[in-house]
Amino acid sequence: MRLPLVLDKEKIRLAVVATVKFSGRPPIPVAFIVDTGSPFTFVDEFNSAKVRIFTKNLTFDHNSYMGGTKVAMYKAGEVAMKFKNEAGDLFEINYNDMKVAKTGWTRKEAVYSGVSILGLDFFLKNKFSLHINTIKDIAYIETEESA
Amino acid sequence: MINELQLITSMEKNDAFARKRYTELQKRYANEYVAIDNGRVIAHSKSIKALSEILSSKGVELTTVLVQFIPKKGVEILF
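Keeping their order, the protein sequence lines are chains A and B.
Counting the first sequence from 1 gives a position; my numbering is that position plus 14.
Counting the second sequence from 1 gives a position; my numbering is that position plus 2.
None of these hints come from the bench; they were simulated from the model.
There's no promise every hint is true.
[Stated by the list, open to error] Straight line, CA to CA, 25 Å or less: simulated SDA-like cross-link-like pairs of lysine to any residue:
no. : chain 1 : residue 1 : chain 2 : residue 2
1   : B       : K48       : A       : F36
2   : A       : K23       : B       : K51
3   : B       : K15       : A       : K70
4   : A       : K23       : B       : V77
5   : A       : K64       : B       : K29
6   : B       : K51       : A       : R39
7   : A       : K70       : B       : K51
8   : A       : K70       : B       : T11
9   : B       : K15       : A       : A86
10  : A       : K84       : B       : S12
11  : A       : K23       : B       : T11
12  : A       : K96       : B       : K29
13  : B       : K15       : A       : N71
14  : A       : K35       : B       : L64
15  : A       : K25       : B       : Q28
16  : A       : K23       : B       : I4
17  : B       : K15       : A       : P40
18  : B       : K51       : A       : A86
19  : A       : K23       : B       : F19
20  : B       : K15       : A       : K139
21  : B       : K15       : A       : I146
22  : A       : K96       : B       : K74
23  : B       : K74       : A       : D49
24  : A       : K25       : B       : P73
25  : A       : K25       : B       : I4
26  : B       : K15       : A       : S78
27  : B       : K22       : A       : R27
28  : B       : K51       : A       : N71
29  : A       : K139      : B       : E6
30  : A       : K64       : B       : G76
31  : B       : K29       : A       : I107
32  : A       : K64       : B       : N33
33  : A       : K64       : B       : S49
34  : B       : K48       : A       : T83
35  : B       : K75       : A       : K139
36  : B       : K15       : A       : L144
Okay, chain A solo, but in the shape it has when bound (with noise of 0.2 Å):
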């Protein structure tokens, strides 16, 4: 099964949008950058926050550096997330290491952008493939059933 992914050409990146479910919270959309560079996927704060999942709440796991800048990470544990598929229909994966990402509002001097990640580790662990045709300008992530 095939999850399109948005490459973006005027900012130079591939994106998605999925849903993410928090245990016990209400599923919040999040638009993430697919960053194959990134050991980690996480969620920023921003939008966490909108389900009431602060990090201060959570257990601290370990700090990264995104363009020189110090950013916490924070264990969330199992989410469901849902993909829209080529067909429009929604594709559930169920992700057991969820990160949420402290925002950067308590340090006025660093500029941080407010992303979150769609990382390499998302990838290895549910063994998706990615895959990129910049001729046919699409992307997408293919689950191992039809892999």
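Fit chain B to the known structure of chain A by using the hints.
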């Protein structure tokens, strides 16, 4: 309550707006955070905290609001 397909579609619409109007956004909101909903900018600020306060004071339902930092022209964000 809107379903998850509608949530995705709404956020995709906001993301598409940010993508298609990126050059214009850079001209108007360089080095600011913008909040986009229903395909339009509903608030902007140089700090994400201040932006959150603006949205809160307006009573905006945040679920499908897309917030992005807009760097000035010539500056790219690396992840």
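Hints and how they fare:
The straight-line distance between the Cα atoms of K48 of chain B and F36 of chain A is roughly 29 Å, outside the 25 Å bound, and the hint therefore fails. The hinted pair formed by K23 of chain A and K51 of chain B fails the criterion: a straight-line CA distance of about 30 Å is larger than 25 Å. This hinted pair does not check out: K15 of chain B and K70 of chain A have alpha carbons roughly 31 Å apart, beyond 25 Å. Restraint check for K23 of chain A and V77 of chain B: satisfied, since their Cα atoms lie roughly 16 Å apart, inside the 25 Å limit.
For the hint pairing K64 of chain A with K29 of chain B, the CA-to-CA distance comes to about 29 Å; that exceeds 25 Å, so the pair is violated. Of the pairs offered as hints, the one joining K51 of chain B and R39 of chain A holds, with about 23 Å between alpha carbons and a cut-off of 25 Å not exceeded. Taking the CA atoms of K70 of chain A and K51 of chain B, the gap is near 16 Å; set against the 25 Å cutoff, the hint holds. With a C-alpha separation of about 31 Å, the suggested pair K70 of chain A and T11 of chain B falls outside the 25 Å cut-off, and the hint is violated.
With a C-alpha separation of about 30 Å, the suggested pairing of K15 of chain B with A86 of chain A is violated against the 25 Å cut-off. Between K84 of chain A and S12 of chain B, the direct Cα distance comes to roughly 31 Å. Violation of the 25 Å bound is thereby established for this hinted pair. Between K23 of chain A and T11 of chain B the CA atoms are separated by roughly 20 Å; this keeps the pair inside 25 Å, and the hint holds. The straight-line distance between the Cα atoms of K96 of chain A and K29 of chain B is roughly 35 Å, outside the 25 Å bound, and the hint therefore fails.
Restraint check: the Cα-Cα separation between K15 of chain B and N71 of chain A comes to about 32 Å, which exceeds 25 Å; the hinted pair is violated. At roughly 15 Å between alpha-carbon atoms, K35 of chain A and L64 of chain B fall within 25 Å of each other, so this suggested pair holds. Between the alpha carbons of K25 of chain A and Q28 of chain B the distance comes to roughly 12 Å, so the proposed pair stays at or under 25 Å and holds. The suggested pairing of K23 of chain A with I4 of chain B is violated, with an alpha-carbon distance near 31 Å, which exceeds 25 Å.
For the suggested pair K15 of chain B and P40 of chain A, the alpha carbons sit about 21 Å apart, so the restraint of at most 25 Å is met. Taking the CA atoms of K51 of chain B and A86 of chain A, the gap is about 17 Å. The hint holds against a cut of 25 Å. Our distance criterion of 25 Å between C-alpha atoms is met by K23 of chain A and F19 of chain B, whose separation comes to about 14 Å. A distance of roughly 29 Å separates the Cα atoms of K15 of chain B and K139 of chain A; the hinted pair therefore is violated under the 25 Å criterion.
The suggested pairing of K15 of chain B with I146 of chain A holds, with an alpha-carbon distance near 22 Å, which does not exceed 25 Å. Between K96 of chain A and K74 of chain B, the direct Cα distance comes to roughly 33 Å. Violation of the 25 Å bound is thereby established for this hinted pair. Taking the CA atoms of K74 of chain B and D49 of chain A, the gap is near 22 Å; set against the 25 Å cutoff, the hint holds. Of the pairs offered as hints, the one joining K25 of chain A and P73 of chain B holds, with about 11 Å between alpha carbons and a cut-off of 25 Å not exceeded.
Between K25 of chain A and I4 of chain B, the direct Cα distance comes to roughly 30 Å. Violation of the 25 Å bound is thereby established for this hinted pair. At most 25 Å may separate the alpha-carbon atoms for a hinted pair to count; K15 of chain B and S78 of chain A exceed this at roughly 30 Å. At roughly 13 Å between alpha-carbon atoms, K22 of chain B and R27 of chain A fall within 25 Å of each other, so this suggested pair holds. At most 25 Å may separate the alpha-carbon atoms for a hinted pair to count; K51 of chain B and N71 of chain A meet this at roughly 19 Å.
For a cut-off of 25 Å, the pair hint linking K139 of chain A to E6 of chain B stands: about 24 Å separates their Cα positions. Restraint check for K64 of chain A and G76 of chain B: not satisfied, since their Cα atoms lie roughly 32 Å apart, outside the 25 Å limit. About 39 Å separates the Cα atoms of K29 of chain B and I107 of chain A, which puts this hinted pair outside 25 Å; it is violated. Between K64 of chain A and N33 of chain B, the direct Cα distance comes to roughly 24 Å. Compliance with the 25 Å bound is thereby established for this hinted pair.
About 18 Å separates the Cα atoms of K64 of chain A and S49 of chain B, which keeps this hinted pair within 25 Å; it holds. A threshold of 25 Å between alpha carbons decides the hint, and for K48 of chain B with T83 of chain A the separation of about 17 Å falls inside it, so the pair holds. The straight-line distance between the Cα atoms of K75 of chain B and K139 of chain A is roughly 37 Å, outside the 25 Å bound, and the hint therefore fails. Distance hint between K15 of chain B and L144 of chain A is fulfilled; the C-alpha atoms sit about 23 Å from each other, no more than 25 Å.
Violated hints, in rising order: 1, 2, 3, 5, 8, 9, 10, 12, 13, 16, 20, 22, 25, 26, 30, 31, 35; the structure is consistent with all others.
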